[in-house]
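Chains A and B, in that order, give the protein sequences. 68 is the number of the first residue of the first sequence in the numbering used here; add one for each residue after it. 186 is the number of the first residue of the second sequence in the numbering used here; add one for each residue after it.
Please keep in mind that the hints were generated in silico from the structure rather than gathered at the bench. Since the model is a prediction, treat every value here as computed from it, not as a measurement. A virtual CB, placed ideally from N, CA and C, is assigned to each residue, including glycine. Incorrect hints may have been included.
Heads up, simulated DSS-like pairs for lysine-lysine below, C-alpha to C-alpha not over 25 Å straight-line [to be verified]:
{"no.": "1", "chain 1": "A", "residue 1": "Lys111", "chain 2": "A", "residue 2": "Lys169"}
{"no.": "2", "chain 1": "B", "residue 1": "Lys204", "chain 2": "B", "residue 2": "Lys261"}
{"no.": "3", "chain 1": "A", "residue 1": "Lys169", "chain 2": "B", "residue 2": "Lys228"}
{"no.": "4", "chain 1": "A", "residue 1": "Lys173", "chain 2": "B", "residue 2": "Lys228"}
{"no.": "5", "chain 1": "A", "residue 1": "Lys85", "chain 2": "A", "residue 2": "Lys169"}
{"no.": "6", "chain 1": "A", "residue 1": "Lys111", "chain 2": "B", "residue 2": "Lys228"}
{"no.": "7", "chain 1": "B", "residue 1": "Lys250", "chain 2": "B", "residue 2": "Lys228"}
{"no.": "8", "chain 1": "B", "residue 1": "Lys261", "chain 2": "B", "residue 2": "Lys228"}
{"no.": "9", "chain 1": "A", "residue 1": "Lys85", "chain 2": "A", "residue 2": "Lys111"}
A few chain A residues that don't get close to chain B, going by computed Cβ distances all over 10 Å [to be verified]:
{"no.": "10", "residue": "Lys85"}
{"no.": "11", "residue": "Arg127"}
{"no.": "12", "residue": "Thr140"}
{"no.": "13", "residue": "Thr143"}
{"no.": "14", "residue": "Glu147"}
{"no.": "15", "residue": "Gly165"}
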Amino acid sequence: EIVLTQSPTTIAASPGEKVTITCRASSSVSYMYWYQQRSGASPKLWIYDTSKLTSGVPIRFSGSGSGASYSLTINTMETEDAATYYCQQWTSTPWTFGGGTKLELK
Amino acid sequence: EVQLVESGGGLVQPGRSLKLSCAASGFTYSNYIMSWVRQAPRKGLEWVACITTGGGNTYYRDSVKGRFTISRDDAKNTLYLQIDSLKSEDTATYYCTKGYFDFWGPGTMVTVSS
């Protein structure tokens, strides 16, 4: 099973601040996927194929990485970005998620 | 508009069974793999099971093999998850997902407790 480890577990950012969340896989994966889950809501696919933004996702978001190391970056934090973000891999079953990074507004 | 609506959750005693349903609309359901993903209270996401188009193949995480059965009815645009021998660790919100998790339903809560 590929284990995905996200860091940090929790982060607080002020509006306008740059935020980076990392996801490390226990073995190399082909692509990384990211989901946003706001409080009380179901997750939404946010970034797919490592760096492609789902329709409607603001361009302040970006994804990058390769092999076993990936990241999600918010160029300038906005209020609406406060949520929990999960990384996920499709490379091998069981398809696994990271433990999540809770992004709070400072 | 894509819609997935789960139902069938509730409070169930350990050892009992439950069948979850997911009604799909707004897309050509038969063309997509479908999955169930669960989330225990205040915990992360965990993929549970997947079924390919036509129901030809099913995949499960090890911890649920033999107890969970995923199925689909393409005539009714409905996905199912039969859960047998329920355990307390099955307590979670169960989400129905379309394709490669590109759309999620609102979820249905399953609580296993005596």
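Give me the numbers of the hints this structure contradicts, sorted from smallest to largest. The structure breaks hints 8 and 15; every other hint is satisfied.
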